[in-house]
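Protein sequence lines correspond, in order, to chains H and U. Numbering-wise (the numbering used here), the first sequence opens with residue 566 and increments by one. Numbering-wise (the numbering used here), the second sequence opens with residue 566 and increments by one.
Worth flagging that the hints you see were computed from the coordinates, not collected in a lab. Keep in mind that a hint or two might mislead.
For chains that are exact copies, the list does not tell them apart, and a pair is met inside one copy or across any two.
[Said to hold, decoys possible] Cut-off 25 Å, straight-line C-alpha distance, at most; resulting in silico cross-link-like pairs (PhoX-like, lysine-lysine):
1) K618 with K652
2) K687 with K706
3) K806 with K875
4) K931 with K706
5) K851 with K675
6) K618 with K875
7) K806 with K851
8) K800 with K931
Here the structure is a predicted model, which is why all the values come from computation and not from measurement.
There are 2 protein chains.
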Amino acid sequence: MALIVKKFGGSSVCDAESIQRVAWIIAETYSEGNNVVVVLSAPGNTTDELIEKAMEINPHPSKREMDVLLSTGEQMSVALMAMALEKLGLPAVSLTGWQIGMNTDSEYGKARIKGVSAERLKAELDRRRIVLVAGFQGVNKFDDITTIGRGGSDTTAIAIAAELGADLCQIYTDVEGIYTADPRYVAEAKKLDEITYDEMIELASLGAQVLHNRSVEMAKRYRVKMEVLSSLVRKPGTKVKEVTNVEHIKVSSVAKDTDIARIAVVEVRDEPGVAFKMFRVLANEKINVDIILQSINRNNTNDISFTVAKNDMKRAVEILEENRDEIGFAKLEVTDDIAKVSVVGAGMMSAPGVAALTFEALYDAKINIGMISTSEIKISVLVDSGDADRAVTAIHNKFF
Amino acid sequence: MALIVKKFGGSSVCDAESIQRVAWIIAETYSEGNNVVVVLSAPGNTTDELIEKAMEINPHPSKREMDVLLSTGEQMSVALMAMALEKLGLPAVSLTGWQIGMNTDSEYGKARIKGVSAERLKAELDRRRIVLVAGFQGVNKFDDITTIGRGGSDTTAIAIAAELGADLCQIYTDVEGIYTADPRYVAEAKKLDEITYDEMIELASLGAQVLHNRSVEMAKRYRVKMEVLSSLVRKPGTKVKEVTNVEHIKVSSVAKDTDIARIAVVEVRDEPGVAFKMFRVLANEKINVDIILQSINRNNTNDISFTVAKNDMKRAVEILEENRDEIGFAKLEVTDDIAKVSVVGAGMMSAPGVAALTFEALYDAKINIGMISTSEIKISVLVDSGDADRAVTAIHNKFF
Numbered sequence: 566m567a568l569i570v571k572k573f574g575g576s577s578v579c580d581a582e583s584i585q586r587v588a589w590i591i592a593e594t595y596s597e598g599n600n601v602v603v604v605l606s607a608p609g610n611t612t613d614e615l616i617e618k619a620m621e622i623n624p625h626p627s628k629r630e631m632d633v634l635l636s637t638g639e640q641m642s643v644a645l646m647a648m649a650l651e652k653l654g655l656p657a658v659s660l661t662g663w664q665i666g667m668n669t670d671s672e673y674g675k676a677r678i679k680g681v682s683a684e685r686l687k688a689e690l691d692r693r694r695i696v697l698v699a700g701f702q703g704v705n706k707f708d709d710i711t712t713i714g715r716g717g718s719d720t721t722a723i724a725i726a727a728e729l730g731a732d733l734c735q736i737y738t739d740v741e742g743i744y745t746a747d748p749r750y751v752a753e754a755k756k757l758d759e760i761t762y763d764e765m766i767e768l769a770s771l772g773a774q775v776l777h778n779r780s781v782e783m784a785k786r787y788r789v790k791m792e793v794l795s796s797l798v799r800k801p802g803t804k805v806k807e808v809t810n811v812e813h814i815k816v817s818s819v820a821k822d823t824d825i826a827r828i829a830v831v832e833v834r835d836e837p838g839v840a841f842k843m844f845r846v847l848a849n850e851k852i853n854v855d856i857i858l859q860s861i862n863r864n865n866t867n868d869i870s871f872t873v874a875k876n877d878m879k880r881a882v883e884i885l886e887e888n889r890d891e892i893g894f895a896k897l898e899v900t901d902d903i904a905k906v907s908v909v910g911a912g913m914m915s916a917p918g919v920a921a922l923t924f925e926a927l928y929d930a931k932i933n934i935g936m937i938s939t940s941e942i943k944i945s946v947l948v949d950s951g952d953a954d955r956a957v958t959a960i961h962n963k964f965f
Numbered sequence: 566m567a568l569i570v571k572k573f574g575g576s577s578v579c580d581a582e583s584i585q586r587v588a589w590i591i592a593e594t595y596s597e598g599n600n601v602v603v604v605l606s607a608p609g610n611t612t613d614e615l616i617e618k619a620m621e622i623n624p625h626p627s628k629r630e631m632d633v634l635l636s637t638g639e640q641m642s643v644a645l646m647a648m649a650l651e652k653l654g655l656p657a658v659s660l661t662g663w664q665i666g667m668n669t670d671s672e673y674g675k676a677r678i679k680g681v682s683a684e685r686l687k688a689e690l691d692r693r694r695i696v697l698v699a700g701f702q703g704v705n706k707f708d709d710i711t712t713i714g715r716g717g718s719d720t721t722a723i724a725i726a727a728e729l730g731a732d733l734c735q736i737y738t739d740v741e742g743i744y745t746a747d748p749r750y751v752a753e754a755k756k757l758d759e760i761t762y763d764e765m766i767e768l769a770s771l772g773a774q775v776l777h778n779r780s781v782e783m784a785k786r787y788r789v790k791m792e793v794l795s796s797l798v799r800k801p802g803t804k805v806k807e808v809t810n811v812e813h814i815k816v817s818s819v820a821k822d823t824d825i826a827r828i829a830v831v832e833v834r835d836e837p838g839v840a841f842k843m844f845r846v847l848a849n850e851k852i853n854v855d856i857i858l859q860s861i862n863r864n865n866t867n868d869i870s871f872t873v874a875k876n877d878m879k880r881a882v883e884i885l886e887e888n889r890d891e892i893g894f895a896k897l898e899v900t901d902d903i904a905k906v907s908v909v910g911a912g913m914m915s916a917p918g919v920a921a922l923t924f925e926a927l928y929d930a931k932i933n934i935g936m937i938s939t940s941e942i943k944i945s946v947l948v949d950s951g952d953a954d955r956a957v958t959a960i961h962n963k964f965f
């Protein structure tokens, strides 16, 4: 008898039909003799509808009250799913964040999980009940309701799987697993049977929207075995593990991210500490900087370019202009008409041909490369946003 | 500085405009220096919509899960109202049933309040916050969510007012207070300035839908000063007290109840214990019997007539037929084409003219009286349902 944690997103609980389909998936796993904990998101557009209602009343509500409001969505989901399971004659019980002791810090809207109290969960599983847990929500030390941010139901599921020592944590999505590239853009994309945590983290941070970054990091930390699979098709998905059995594959996936902007800081004085000052003022504003490129020294000045998320662009420029005297630079050049294309694969760097093949693929497709960034398991290049899809396809077809 | 508990129903929180109007009422009381606790129901039709969603999935859901689902409605109300108050620059905090320790028994769907833990409420009031409490909901000893039944937000408000020793508990409705008759039917109906708990309890049980019966009983037990007033018009409402200052008024109100049926059990043997058997089998089925009339002995048999709520009629007949041999009767005669018209007033029985005036009013209006029932503060008569409105008007105009 295994303990399996399953997580279903909002589209899986958006109407009676979807809820009943998911109930059958749960029933199957339970009836095979497994203990089952199910984490659910809010139904369909409920969260957006609640936000809209709030905005009508107060465009700047406190985050505490926003969390009280939004946490009702998942509570609806778990109650309705429990009813669907009861209809199938199965014992089910729904539990909210506070009922399972999902303890978080007090950062309303993006709280971090501090721990789960397994007591209630274990008591219900011991009674052979299917436990339905409201995702995305917790309580802080004052017994106030918190939410752990959008996409946070994945993290709820991983945290519970870690606490209970689950045998598997299944994340159900609307795709069949992790692909070698986004199947919507690259017809030749193939589903992977396995992928490592590190590869998955790189993919998540690259804008592959399948899994929430934080949840994969938590899964890695606590060695939670995960599977990403479809709620629509009954097929094995992609297993996420520490080490995969498929070492011969150098490249796991090719992904693009168009949600970025590039800022070039032109003619920065070539003095120690200048780069430090520049990135400190950005860090103080919680602006994450991604790829950084420093040009060769020219007349005792450098050009420093870097990328940020698109919605940080305006603020980053303001901050740099405000600190222009302290940092010392001639001007800023900004563009958001770019995309980042990345090749991800464990052990990629130990295979020297990967970078060469990547650049060859782009050269063959006559695509100009802006900036290049590499890590142990990733190569990213900046290209014009109009070239992004062609670049992904070219690189993908070079490797697969 | 007084402590005032206010309760608003679903129509007061059904949209942004209503919420903002209520926020202004709350703001006014708070700004006069009072501490304010506000109990809210679910917005508008939310409860009905949630029930509909549940029925789509499972026509017979467990009551536990129904309570988990339904309790989300009030949680939305309190969060949205807190946001509206924040917009006015006022400090507000929303709290759910479990957060204020609203402890109940485990009768899901119609739980009874066992107690409120005042700790959190007092801490928030000490910080001069306006406290918004989700009505209608609580938790049982297992930390499971319960609801205290429809109309239960009134009871939530009274329980909190009792626990905190509030100076006043204001129940806001869509009418301006308690009237001498239903103003929708009787043009001459007048608003009362004051009414006693007992009169209010009689009125509630007579089908005057202004206040929930249980909440007035609780208010009486804990001597909670109440006021019933309008959320639409800024006028004093009706105060509900132990003793009113207006002793010269014998009759407080005239009300009708058309939700009743009469069952006549014909030719019951005139033996000891027969009536007992009959009403025991009905009580076993939780069927409440209201007015009972036993005819004069005729050939060693009696006719026994009584009234029940309309939706108990069918079951009552079934139960009696099933036990026909044990009880012993010739036949049943049933009608639901009747109405109960009642005259309520403290100290009514000490004024012998009231009954006479009532019957005189009906005689003048040529209305036949079916059965008559009297208590210390009430006279009820059964009339044909077609005569009910005329009867109310006739009696009302005789007294006022």
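Here is what the structure says about each hint:
Proximity of K618 to K652 under the C-alpha cut-off of 25 Å is restricted to the inter-copy arrangement: shortest distance 14 Å between copies versus 33 Å within a copy. Proximity of K687 and K706 under a CA criterion of 25 Å is satisfied in both settings, with 22 Å inside one chain copy and 18 Å between copies. In this homomeric assembly, K806 and K875 never come within 25 Å of each other (Cα to Cα): the closest approach is 32 Å inside a single copy and 64 Å across copies. In this assembly of identical chains, the alpha carbons of K931 and K706 never lie at most 25 Å apart, being 57 Å within a copy and 70 Å across copies at closest.
In the homo-oligomer, the alpha carbons of K851 and K675 lie at most 25 Å apart inside one protomer (14 Å), although the nearest pairing across protomers, at 50 Å, exceeds that limit. With identical chains, the CA atoms of K618 and K875 are never at most 25 Å apart, being 27 Å at best within one copy and 40 Å at best between copies. Neither within a single protomer nor between protomers do K806 and K851 lie at most 25 Å apart by alpha-carbon distance, with minima of 31 Å and 59 Å respectively. In the homo-oligomer, the alpha carbons of K800 and K931 never lie at most 25 Å apart, since the shortest distance is 38 Å inside one protomer and 79 Å across protomers.
Taken one by one, the earlier hints fail for this structure at numbers 3, 4, 6, 7, 8, listed in ascending order.
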